[in-house]
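Q: Protein chains in written order, with numbering that gives the first Met the number 0: chain A, 0 to 400; chain B, 0 to 460.
To be clear, the hints were calculated from the coordinates, so they are not data collected in a lab. Source: prediction; values computed, not measured. Be a bit skeptical, because a hint or two may be false.
Residues on chain B that point at chain A, a partial pick, calculated with CB under 7 Å [as the list claims (entries may be wrong)]:
1. ILE256
2. THR262
3. PRO266
4. MET323
5. ILE327
6. TYR330
7. ALA332
The beta carbon of each residue, even a glycine, is placed where N, CA and C say it ideally should be.
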Amino acid sequence: MNEELIRQSEALAPQLDSSRKKAFVCGLLFAALTVVGYFIDHGQFFQSYLLAFIYWMSLSLGCLLLLMIHHLAGGRWGFAIRRILEAGTRTLALMLVLGVPILLGIHELYEWSHEDVVAADEILQKKAVFLNSTSFVIRYFVYFLVWFILAFLLNKWTAAQDATSETSPTRRMQILSGPGTVLFVLVTTFAAIDWIMSLEPHWFSTIYAAIYIIGQLLLTWAFAILVGVRLSRHLPLSALLTNERLRDLGTFMLAFVMLWAYTSFSQFIIIWSGNLPEEITWYYARLQGGWQHVGYLLVAFHFALPLVLLVSSRLKARIPILTAIAAGMMIMRLVDLFWITAPAFDKTGLTLHWMDLVIPIAMGGIWLSVFYGQLKKRSLVPLNDPRFDFAALADEVDAHG
Amino acid sequence: MSESSTSTRQQYTPPPPELGPGQTSHTSITEKITSIVLTPHTPYQWFIVVLIGLMLVGLLQVSIAYLLYEGIGIWGLNVPVGWGFAIIHFVWWIGIGHAGTLISAILLLFRQKWRTSINRSAEAMTIFAVMCAGMFPLIHTGRPWLAAYWLFPYPNSMAVWPQFRSPLIWDVFAVSTYFTVSLVFWFLGMVPDLASFRDRAKHRVTRVIYGVLAMGWRGSAVHWERYEMTSLMLAGLATPLVLSVHSVISLDFSVSILPGWHTTIFPPYFVAGAIYAGFAMVLLLLIPIRRLYGLQDFITLRHLENMGKVMLTAGLIVAYGYFMEQFIAWYSASVYEGFMMQNRMFGDYGSFYWALILCNIAIPQFLWSKRVRRNTVWLMFISFVISVGMWLERFVIVITSLHADFMPSSWDMFYPTFWDWATYAGTIGFFLFAFFLFVRGMPVIAAHEIRTLLPFGKKEK
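Given the sequences, and given the hints that come with them, work out the whole structure.
A: Shown next, in the form of structure tokens:
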């Protein structure tokens with residue numbers, strides 16, 4: 000059975016490899032434009048670069064968190080998309096390198112990194128213990144260290160499980176995932192505060208990091224559906240990622256669409272009704288000067304439309320519709336992060352720079368090329384996992400046509 | 000499969016089945032569950048609990064009568080602390096109810112089979128807990144017979160309307176919707192089992208009573224089909240309620256601008272707290288009941304362990320909420336936020352805060368251990384500690400933020416009076432009394448759902 004799965008996975012390698020190459024070429028082309036952009040408009044370059052970075056970072060991190068949730072909760076959905084998630088976590092090394100320009104552009108992006116600004120601002124002085132360039136850089140590496148250790152161990156043990164019929168590697172993954180999730184959430188919370196919330200250093204919100212983490216998982220569901228649909232057309236995953244299973248993934252995506260709306264709306268209504276000068280500024284910047292239209296766009300396409308479509312089990316069972324929603328979700332996640340970050344820099348009104356599109360595509364091309372490169376390295380179905388009897392699952396699918 | 004992987008599966012212990020070894024047939028299951036109700040024999044422990052409950056209900060009646068006669072001045076309220084025990088216990092009871100809805104709605108949608116033996120009693124707990132909760136806002140008006148006039152928007156000649164921007168009005172709708180949906184869901188779920196009671200009852204009166212309650216259920220295929228469809232739809236309706244009810248309650252606090260109340264994490268953190276407290280209460284009730292009626296085959300250690308896991312998860316989310324409040328209070332660099340945290344930890348009510356951390360965060364960490372999760376004594380202890388902790392949480396939020404607000408000249412302490420405690424104890428008595436009546440007279444476990452867990456009853460999936 001295992002040999003067969005490996006053989007079927009290997010048969011798909013050329014296809015995955017061609018995706019890798021296409022993504023890489025696309026990434027390189029757009030990266031060239033990015034370099035041009037850097038010399039044209041320094042300030043804008045860093046702003047768009049930050050957007051691209053937190054977007055693709057949230058996919059890498061979402062894969063890691065979802066992988067740990069799968070190890071904790073079980074469920075066939077996780078077994079079916081585990082290799083996608085694992086390959087997603089193996090992009091973290093790339094992201095570590097791709098984040099370096101943020102560290103170099105710290106003075107372009109973060110107001111609190113300028114000593115003269117802090118000297119003239121009483122509130123920023125109080126925060127200076129936390130918000131200063133040195134500790135920002137140190138924390139950056141600490142965050143990555145924690146994510147790395149988690150991703151490294153999970154990937155190491157899953158490979159070990161492929162090679163052995165002992166059950167200890169799976170047991171270890173389960174044991175790690177409990178404390179791992181706790182650690183992940185803490186570290187990612189601070190990353191969200193550092194990288195995004197501190198763009199407006201006077202503003203604060205306790206739910207902010209939770210919204211970012213929920214957004215990560217939402218993006219990951221959408222991505223897993225897109226890749227999953229593609230792989231489900233061929234063996235070995237066609238036996239596992241049946242239409243019913245794909246529909247389940249759609250249901251999970253629906254749950255996170257609702258969670259995203261719930262947390263975002265909670266933040267909005269509490270700040271709106273309090274109307275305190277130190278808090279309302281954040282929405283004030285985002286609900287006028289054209290930015291409000293982006294907000295409406297989010298309500299319509301990040302919440303209302305996917306909600307209506309995904310609630311119907313008949314609609315989401317149709318793969319083209321499910322794929323379209325997932326693709327739309329990937330775009331709307333970028334729009335959401337754009338709406339969160341860009342108004343922090345630009346107080347004059349809605350502006351969309353060409354680099355806001357080019358840099359995310361460039362980074363995405365490179366991210367995907369690494370992802371596909373990693374995906375083809377291992378069998379597309381986890382082997383020897385004691386919790387799932389692949390042969391029995393496959394038989395069941397056959398029996399049901 | 001090769002030989003090596005077969006041996007693998009022998010080393011790995013799969014999760015135990017949802018049913019204990021003693022239950023092997025449809026008849027044995029139905030008989031066991033009906034035998035709790037259709038018997039003249041009642042365990043003496045049942046009488047003890049019901050008697051205590053009844054005595055406390057008496058105390059509740061006296062407290063309410065005196066309250067109506069004298070006014071809410073008999074409670075410990077004063078000028079900065081205008082919300083005291085009434086709101087604390089309203090939130091505490093509503094929170095407890097949430098476990099029932101989570102188990103019966105969300106776990107149904109997620110196809111978690113282990114829910115089947117605990118959903119019924121958890122739903123009953125929801126109903127009674129919401130009843131207890133509902134008493135507080137009604138009696139705290141001082142004149143409950145006018146509550147409808149104050150709370151419900153209806154067209155009137157004076158053109159006076161409630162303030163629709165106030166979450167207190169949203170509460171009226173959220174809680175009454177919640178109660179209605181929970182009640183319908185609970186009752187609908189019991190209909191097939193009530194029909195079993197009707198068919199097995201020997202006494203004429205019992206037969207008539209259960210016959211009326213069973214609403215003419217004959218168990219035909221059409222009945223079952225509609226029943227399944229309605230259950231699914233009600234589950235879909237109840238799912239957003241798990242989130243919305245406690246979120247609206249959290250907004251009662253967070254839309255104000257009081258430090259310690261006004262913080263954006265409140266809605267999800269209140270919901271997690273509700274699930275936390277709710278599961279603790281389910282365990283506190285079910286562990287003794289499963290022992291008393293010998294239900295170990297239905298409510299297995301696996302159920303208890305899973306509930307421990309849910310509690311641990313909810314508790315960690317609550318801990319995250321505390322942590323974010325702490326961190327952002329510092330990060331905001333706001334004088335008021337900073338003072339509030341300082342006052343919470345080291346002010347007049349500081350000991351309450353540390354007791355809260357001990358009960359809600361420190362002690363529940365034992366749930367990481369599988370051995371603790373499978374030990375009923377430990378589970379009882381931790382559940383009790385969490386119930387106390389969740390009470391402390393509401394006390395800390397309500398009282399410490401109010402008693403020292405923006406104006407130091409008006410600061411004052413809150414001391415609950417005898418009548419504050421008496422009302423609270425009275426609602427606990429009402430809850431115990433109602434729940435044990437339910438256990439004695441209604442199907443405490445959903446027999447028809449349990450039957451589907453038998454090997455030949457399992458659906459092909």
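Q: Each of the hints needs a verdict: does it hold here or not?
A: So, going through the hints one by one against the coordinates:
1. ILE256: holds, 5 Å
2. THR262: At about 5 Å, which falls below the 7 Å cut-off, the nearest Cβ of chain A leaves the hint on THR262/B intact, so it holds.
3. PRO266: Interface hint status for PRO266/B: holds (4 Å vs cutoff 7 Å).
4. MET323: Nearest chain A Cβ about 4 Å off; hint holds.
5. ILE327: The hint holds - ILE327/B has a Cβ within 7 Å of chain A, the shortest such distance being about 5 Å.
6. TYR330: Since chain A brings a Cβ to about 6 Å from TYR330/B, closer than 7 Å, the hint holds.
7. ALA332: holds, 4 Å
Hint compliance for this structure: every hint is met.
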